[in-house]
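Participant: With chain A fixed as given, assemble chains B, C and D with the ligands onto it according to the hints.
Protein chains in written order, with our numbering: chain A, 1 to 431; chain B, 1 to 431; chain C, 1 to 358; chain D, 1 to 358.
For the record, the hints were derived by calculation from the structure and aren't laboratory data. Keep in mind that a hint or two might mislead.
[Unchecked claim] Residues from chain D that keep clear of chain A, each with C-beta distances beyond 10 Å, as calculated: (1) Tyr29; (2) Cys73; (3) Ser98; (4) Asp100; (5) Ile137; (6) Asp155; (7) Glu174; (8) Ala211; (9) Ala221; (10) Asn287; (11) Ala303; (12) Asp341; (13) Asp342; (14) Arg347; (15) Asn349; (16) Ala354.
[As the list claims (entries may be wrong)] Below, computed lysine-lysine pairings styled on BS3-like, alpha-carbon distance capped at 25 Å: (17) A:Lys245 with A:Lys333; (18) B:Lys277 with C:Lys235; (19) C:Lys235 with A:Lys333; (20) A:Lys55 with C:Lys306; (21) D:Lys33 with B:Lys347.
[As the list claims (entries may be wrong)] Listed below are several chain C residues computed to face chain A (Cβ distance under 7 Å; list not exhaustive): (22) Arg8; (23) Ala9; (24) Asp51; (25) Trp132; (26) Cys236; (27) Pro285; (28) Asn286.
Ideal placement from N, C-alpha and C gives every residue a C-beta, glycine not left out.
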Amino acid sequence: MAKQMHPTPMLDALESGPWPSFVTGLKRLAQDKDYVVDLLGQLETSYRTRKGYWKGGTVGVFGYGGGIIPRFTELKDEAGKPIFPDAAEFHTLRVMPPAGMHYNTDVLRQLCDIWERHGSGLIAFHGQSGDIMFQGATSENVQKAFDELNELGFDLGGAGPAVRTSMSCVGAARCEQSCYDEATAHRTVINSFLDDIHRPSLPYKFKFKFSGCPNDCMNSIQRADMAVIGTWRDNIRTDDALAKKWFAKHGMNELVNDVVARCPTKAIQLKEIKDLKPGASVSTVALNDTHALEIENRDCVRCMHCINVMTGALAPGKDKGATVLVGGKRTLKIGDLMGTVVVPFMKLESDEDREKLVELGQKIIDFFAENALEHERTGEMIERIGIVNFLEALEIPIDPNMVSSPRTNPYVRMDGWDDEVAKMKAAKKVA
Amino acid sequence: MAKQMHPTPMLDALESGPWPSFVTGLKRLAQDKDYVVDLLGQLETSYRTRKGYWKGGTVGVFGYGGGIIPRFTELKDEAGKPIFPDAAEFHTLRVMPPAGMHYNTDVLRQLCDIWERHGSGLIAFHGQSGDIMFQGATSENVQKAFDELNELGFDLGGAGPAVRTSMSCVGAARCEQSCYDEATAHRTVINSFLDDIHRPSLPYKFKFKFSGCPNDCMNSIQRADMAVIGTWRDNIRTDDALAKKWFAKHGMNELVNDVVARCPTKAIQLKEIKDLKPGASVSTVALNDTHALEIENRDCVRCMHCINVMTGALAPGKDKGATVLVGGKRTLKIGDLMGTVVVPFMKLESDEDREKLVELGQKIIDFFAENALEHERTGEMIERIGIVNFLEALEIPIDPNMVSSPRTNPYVRMDGWDDEVAKMKAAKKVA
Amino acid sequence: MAQAQMRRAIESGVPDNRPFLHPKFAANYGNWKYHDRPRPGVLHHVSHTGDEVWSVRAGTQRQMDVATIRKLCDIADRFAESHVRFTIRSNIEFMVSSADKVAPLIAELEKNGFPVGGTGNSVSMIAHTQGWLHCDIPGTDASGAVKALMDELIDEFRSEQMPNRVHLSTSCCEINCGGQADIAIIIQHTKPPVINHDLVANVCERPAVVARCPVAAIRPALVNGKPSLEVDEKKCICCGACYPPCPPMQINDPEHSKFAIWVGGKNSNARAKPTFMKMVAAGIPNNPPRWPEVSAVVKQILAAYKADARSWERLSDWVERIGWPRFFEKTGLPFTKYLIDDWRGARVNLNASAHIRF
Amino acid sequence: MAQAQMRRAIESGVPDNRPFLHPKFAANYGNWKYHDRPRPGVLHHVSHTGDEVWSVRAGTQRQMDVATIRKLCDIADRFAESHVRFTIRSNIEFMVSSADKVAPLIAELEKNGFPVGGTGNSVSMIAHTQGWLHCDIPGTDASGAVKALMDELIDEFRSEQMPNRVHLSTSCCEINCGGQADIAIIIQHTKPPVINHDLVANVCERPAVVARCPVAAIRPALVNGKPSLEVDEKKCICCGACYPPCPPMQINDPEHSKFAIWVGGKNSNARAKPTFMKMVAAGIPNNPPRWPEVSAVVKQILAAYKADARSWERLSDWVERIGWPRFFEKTGLPFTKYLIDDWRGARVNLNASAHIRF
Ligand code: SRM
Ligand code: SRM
Ligand code: SRM
Ligand code: SRM
Ligand code: SF4
Ligand code: SF4
Ligand code: SF4
Ligand code: SF4
Ligand code: SF4
Ligand code: SF4
Ligand code: SF4
Ligand code: SF4
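Extracted from the complex, chain A is given alone in its bound form (with noise of 0.2 Å):
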């Protein structure tokens, strides 16, 4: 039994209702935490007068620079002292979980004793960066918190200027759009990238994302430094049997408003089936015994639209991979910025396919570690140097696919034209 719980009165307001209260759950960890009764004192606080009251510092692990985001109290009286004393320290650990997010229920009754131990007994499943946030240890609990989490096998992720914890999609794991092994590849750059999380040193931090296909389930393209986003080359692949199904569920005019007249390039055209004009880049599925689709791969731009109204009948191909998208960010300080293409297709299947990603990634941070100023982004980066420098410096070879219009501006110094062309040529011939 923990000291008596301070008035909370507009907390108790958020008891009510019908979704999980985390006010709930504070005061029941308070029952037995004079730890939680005192947090609970200082949030109230922030909600009555509308101010927040926590101050960053210095806390870490042994061996590791980030990881962990301190919280000391500012809310103290006339002599300095706490409000709230028993929550004057409330430090996060932030925790990387396995790719996917899966987990079995022993890891996760491992995961709260270690916390109830230790800290607070709140978890946050998880962060918008992807970590589980164990949140609320003294100093001096961080490090006995993160002895025992890591003897599970767990590690911290990143904070401040490194490479940050990343996050995959479910992915391969169950879902049938799925063009990579997501969590492979996750891990395998994460895990060549660990110096870069545990000792900050960058010029500001550096996020990844995973996602197996073009929906984009993980956001890589507006939270990502470098967004990983499956794709195929190859023709759509189609199921009559699932597609007449779907037709006969769905009908005419469903299908020719959410699926035909969706798709973004007119790729798609609804035919009868005796004027299907077959072609190495074309797919075609049956309606029923008269109608059928017929898809123009090469208009296709692989925006998933049609696949996922007509799961299973229509699917990626099989030449799968993934395209790499360079510079997504939030607003600071130039506006929030997209990913743009850099690398439209690589294959990712093989233990080397994944390696020459890892490689990619290294050259990129390289890059970003030497020119970018402090606290800048990837994004804000090329904007200041251009995509075309940062390209070159990379070898990477310019596409048609990394721009959505080429430009509108003569602007430019071109008296290197002849010998792009000529260059291009070569490597045409080389290939």
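Facilitator: This is chains B, C and D with the ligands only, laid out in the frame that chain A set:
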């Protein structure tokens, strides 16, 4: 009979081939004019050396500060004497055409006679800004030519940092798409700014252009500081007889692929007549006894496409007027700029309506004169100061039709939000 | 020496997920054929071998006490097959290998207060951030605002009645750790930072702070004889970027840190390319504990979208079709000058065409 | 005083066009109903009153000698009704009020070397500029390049076999008075200006020139003791903007002033919003008198467009459908790094999506 021709082997190569040859024309003039003999000599030199040989200077007519483009030869011998002395001066008079560039043969012949007397005999119908360009007169003859042209009812156009000559499409005179009287608007507006045309004193050039509908046959959006583009507010008009005629000729496939599928906002649907849902904002037109088109005019963005394809069967509404866009121009010095919407709709039927257009132009030019930097166009000025400041200075109310999307960036100070909302609500109550 | 005794970390990195995979996932890894949703909250995946697995999705409060997690483990052990996973939106998924386990599992989850849903065309759980609970720079709370809003949206979480999936996010400062979303709820400061000049000299690395300001509004200055900083309030856009590196530049304000609502962020490549979200409402008070004004605006937008969008239209697709003038009309939100972009490259957001809707 | 004797201008401005309008135009002003094209080069307009008018369009060389103009007047008087107009592309139009006048008029025009066409889905006359004939800053000629190209495209002018109308422009320097077009042919300088330092002090207002450079590459400098200018050649993008205000900064070069080709500029609002043109080829030599290399590239592009675009697709619509990778494939043009934008806001031209074509 003029002096002997210089050899022009390169220019001669432009006499063959089926397209009318300006070289042949020049040679014809050279038969009578030493002036043109030497012009050909200099031009041939340019072709040979791939260099231009004209430089500017100051030549004008009495009372005006602009409208003449002076040209003096730079092709001189070692003693500094012109190599082609008879063509040492080759000035152009920019003369404003009648709106829509209509002529009768009588006036054309008179223009020819004047120019044969005082100039080279070479006339361009028309320059890219719309002027009739009387190309090639000596300094001495410029005034003489102007006096006669002026007596005939013509006046000089703009050059330098001035309001420029304008263009309007054939529009109401012949075109069924015309949404206002382009010629009257053109003439009314331009003739209100003659002082700003004839006595250049703006920061830089200012161009008006007038197109009768969103087909924008005058390319106003990319070339006019102030573009006046016809449009309408009510429903698209329809004509069953013409629609049936069109359908009988073109058939269902063309209807679907060329009309329905190309509507940028899917405002048009193909329907069975029995399924039509008429309504206040709906236009319908029968194609045969069973099928019809249904247009939701609230979704229509007045792009013109369906009306273009099925001219007469579909037509602009009756509540016509114009959209005004500001800031279009070429590349110098921040890149090509299209005009952007500042007045989504204004009526242009009565003299009072046109007076309002003149007032708008006046306000914009006044603001431009006071606020633009030297050699800065309206588009660049707006880019620099922000469209909102521009609109507020002009007291034009904000409208979501001015944007293709609201802001994607949080970087704005907005403590005036509540006041703005209150102002808007008050304005709505008044309206 | 204390340090010598300390345990050296095993730099094991990302753990192998194989031991945690549900057996059906492991057996059919990379070999799934299609899926359907027998009911909201349930995904049914079928593999090329004919294997089947049902995943039942339930909402959580993300920041969970150990009792809640253990309760979820109990349910997983008794009603499912002891394997769970979390989604990117902090929903939990229970996997079972036969259809008849689905209903009892759902019943047990609901009985214990875990709403089942969040799949397909529902409003899923809100991606959210730290807020007053933990962050050092928050203008508001996150978990509380999310709890209050999810209470109101729970029917939409439990059903699949939206035109397409709806993803929400909240963020407790303008940095926006919550990210782009169909609807994003983000603090927007409206006054420049108030500087505690006594502290600047000790706490802030002044050149770094100056460099951090996106509009170069900060100058080093001497205030009362001490080195401090000074803000050009005309330039300042109240972004708060100076605050993390220099806490004496207090940007948060109980009154003037407001909420803005953004719509139309879409990250998937389905149909159109990914789109940035756009600000459509602002000046909404920061009103704990339940932020009713925020919920009201979000519900207004959701109602208009639900009523008017066609199937498969995400929020951005819908507005793309109906246009922004109609969006503001249908949601009843005011369009003010502040919603016109004026930042870098703002011109691309202006209407450079005669495409107008009346 | 000489001036006192001079005639004072009548500031009459734009003349009234009513006296020049064809009578049918005047009578049906603002009252037209529809039109069709009985054959290429002929527009047939019908008014709401049932009135009809036929307009026959013919190509000219724009820069015409008076004999040519008088010839056109003769034809108008004898075969038409003495009213003509010029189009924005310097084509001339003859109006007649009965169908039977059309064929003889066409025959007479063709006989006199004026090709009839340029309507509908044809390649119309090229919008062009002054060049060596008159401008003070040209890198090439305009009329000559246009004559040479129109000689090659005349069949496309005379017929309507393109997917949609095709508008071309040529410009004799990077300023591009010719404007955005489906295909634009524009001088692109490739070397910084060569400065004649002896002349700068006398001829150029140095601060104005410095201000004119879009990349701030020009600095005032003392050269041989005289005030002159200096160009940072690393920064210089060879745009030539410094040349008009300062002719001693010679940008034109017989060898290094090349041609670039741009495609996909569309000004009409039909279907998509207006689009900027994009550079797709460069390094093309400036080769008078007939510029065969320019014609070759233009014809390559036109051939690909004609073969592959669907009806009503303007060049920009076509590429929007097939994508840029395919455009370069089908036209056989090389895509080099110079075609990737790096100017202000260049990021909007990058592919911020996983939309890829294989
Ligand atoms: C904890 C977390 C929010 C959450 O509750 O989930 C979070 C919390 C903070 N973020 Fe974040 N960010 C978190 C995910 C993100 C994401 C999402 C992502 O990674 O996909 C983003 C957007 C993506 C991106 O990187 O741009 C994000 C963009 C930022 C930024 C802006 C970075 C930028 O370049 O624009 C900052 C500011 C900075 O780093 O200077 C930032 C800074 C912070 C700091 C460190 C505030 C600060 O500067 O002191 C916050 C610490 C809070 C705390 O007390 O724990 N946080 N932050 C997320 C990390 C948990 C985890 O490890 O799993
Ligand atoms: C479980 C999860 C991935 C994970 O590893 O955690 C997931 C799983 C699936 N997603 Fe997703 N998506 C998940 C987050 C996302 C996100 C990111 C997010 O939520 O922030 C996105 C991008 C959102 C955006 O565009 O801003 C995302 C965009 C999609 C789409 C594209 C939808 C669209 O039309 O734009 C699909 C396709 C579809 O709906 O059929 C999709 C489809 C799917 C499918 C149907 C894939 C499959 O065949 O199994 C999965 C079941 C979805 C369902 O809920 O019905 N998933 N999906 C995530 C569940 C989040 C949740 O709990 O609500
Ligand atoms: C005569 C002229 C206006 C003038 O006052 O001079 C004119 C006249 C007509 N235009 Fe135009 N347009 C004329 C220049 C333009 C221009 C500007 C240009 O040529 O530089 C444009 C914008 C070009 C652009 O987008 O970059 C233009 C974009 C259109 C369009 C939109 C085409 C599209 O699909 O994008 C139409 C609609 C159509 O084709 O049915 C159109 C339609 C028409 C119609 C059919 C209007 C009508 O109903 O009478 C006229 C007959 C066109 C024909 O040639 O078949 N006119 N038209 C111009 C003839 C130029 C020439 O000699 O070739
Ligand atoms: C004659 C003409 C080309 C033609 O052969 O048709 C022309 C010729 C010149 N233009 Fe132009 N422009 C002509 C229409 C245009 C247009 C088209 C238009 O008006 O619709 C444009 C693009 C629209 C625009 O205004 O942006 C145009 C954009 C320029 C520019 C770039 C302006 C800018 O702000 O980016 C310059 C450079 C300057 O003014 O500094 C320029 C400058 C010039 C100068 C004065 C060169 C100079 O700076 O010395 C040229 C004089 C040539 C001469 O010897 O006559 N000219 N110029 C056109 C005017 C004829 C007429 O009055 O009808
Ligand atoms: S990103 Fe693609 S592969 Fe991954 S879970 Fe989503 S839909 Fe499946
Ligand atoms: S995946 Fe390809 S074919 Fe299917 S809708 Fe997207 S672009 Fe069209
Ligand atoms: S702009 Fe419109 S009204 Fe004017 S000529 Fe062209 S189509 Fe006709
Ligand atoms: S004019 Fe309107 S209805 Fe017709 S195609 Fe354009 S947007 Fe669609
Ligand atoms: S959004 Fe801002 S306040 Fe909230 S967690 Fe992220 S950094 Fe902290
Ligand atoms: S709030 Fe933003 S704009 Fe204002 S001073 Fe701080 S960093 Fe600069
Ligand atoms: S494009 Fe350049 S060279 Fe040609 S007329 Fe215009 S300003 Fe002169
Ligand atoms: S050519 Fe252009 S970039 Fe080079 S110095 Fe002159 S103005 Fe500057």
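Participant: All hints are to be evaluated individually against the structure, with a verdict given for each.
Facilitator: Verification of the hints:
Every Cβ of chain A is farther than 10 Å from the Cβ of Tyr29 of chain D; the closest lies at roughly 39 Å, confirming the non-interface assignment. At roughly 41 Å, the least C-beta separation between Cys73 of chain D and chain A is larger than 10 Å, which holds for a residue marked as non-interface. No Cβ of chain A approaches the Cβ of Ser98 of chain D within 10 Å, the least distance being about 44 Å, so the stated non-interface status holds. In this structure Asp100 of chain D is separated from chain A by more than 10 Å, as the shortest Cβ-Cβ distance comes to about 44 Å.
A cut-off of 10 Å between C-beta atoms confirms that Ile137 of chain D is not in contact with chain A; the least separation is 15 Å. Here Asp155 of chain D stays apart from chain A, with its beta-carbon at least about 29 Å from theirs, past the 10 Å limit. Against the 10 Å criterion, Glu174 of chain D falls within the reach of chain A, whose nearest CB is about 5 Å from its own CB. No Cβ of chain A approaches the Cβ of Ala211 of chain D within 10 Å, the least distance being about 16 Å, so the stated non-interface status holds.
Remark: the non-interface label on Ala221 of chain D is consistent with the geometry, its nearest Cβ contact in chain A lying 21 Å away (cut-off 10 Å). The Cβ of Asn287 of chain D sits about 15 Å from the closest Cβ of chain A, beyond the 10 Å cut-off, so the non-interface label holds. With 10 Å as the threshold on Cβ separation, the claim that Ala303 of chain D sits away from chain A holds: the shortest Cβ distance comes to roughly 19 Å. With a least CB separation of 4 Å from chain A, Asp341 of chain D falls inside the 10 Å interface cut-off, contrary to its annotation.
For Asp342 of chain D, the condition that its CB be more than 10 Å from all CB atoms of chain A is violated, with the nearest at approximately 4 Å. A Cβ of chain A approaches the Cβ of Arg347 of chain D within 10 Å, the least distance being about 6 Å, so the stated non-interface status is violated. Distance check on Asn349 of chain D: its Cβ comes as close as 5 Å (rounded) to a Cβ of chain A, failing to clear the 10 Å threshold; non-interface status is violated. For Ala354 of chain D, the requirement that its beta carbon stay farther than 10 Å from each beta carbon of chain A is not met, with the minimum near 4 Å.
Distance restraint check for Lys245 of chain A and Lys333 of chain A: the Cα-Cα separation of roughly 51 Å exceeds the 25 Å cut-off, and the hinted pair is therefore not satisfied. Only pairs whose Cα atoms come within 25 Å are accepted, and Lys277 of chain B paired with Lys235 of chain C is rejected, the gap being roughly 53 Å. A threshold of 25 Å between alpha carbons decides the hint, and for Lys235 of chain C with Lys333 of chain A the separation of about 15 Å falls inside it, so the pair holds. Restraint check for Lys55 of chain A and Lys306 of chain C: the C-alpha separation of about 42 Å exceeds 25 Å, so the hint is violated.
A hinted pair counts as satisfied when its Cα atoms are at most 25 Å apart, and Lys33 of chain D with Lys347 of chain B qualifies at roughly 21 Å. Satisfaction of the interface hint for Arg8 of chain C is found here, the shortest Cβ-Cβ separation to chain A being roughly 6 Å, below the 7 Å cut-off. Because the beta carbon of Ala9 of chain C sits about 5 Å from the nearest beta carbon in chain A, less than 7 Å, this interface hint is met. With its C-beta approaching chain A no nearer than about 11 Å, Asp51 of chain C sits outside the 7 Å limit, and its interface hint is violated.
A hinted interface residue such as Trp132 of chain C counts as satisfied when its beta carbon comes closer than 7 Å to some beta carbon of chain A; here the least separation is about 4 Å, so the hint holds. A hinted interface residue such as Cys236 of chain C counts as satisfied when its beta carbon comes closer than 7 Å to some beta carbon of chain A; here the least separation is about 14 Å, so the hint is violated. Contact between Pro285 of chain C and chain A, as hinted, is not supported at the beta carbon level, the nearest pair being about 10 Å apart and thus beyond 7 Å. Because the beta carbon of Asn286 of chain C sits about 6 Å from the nearest beta carbon in chain A, less than 7 Å, this interface hint is met.
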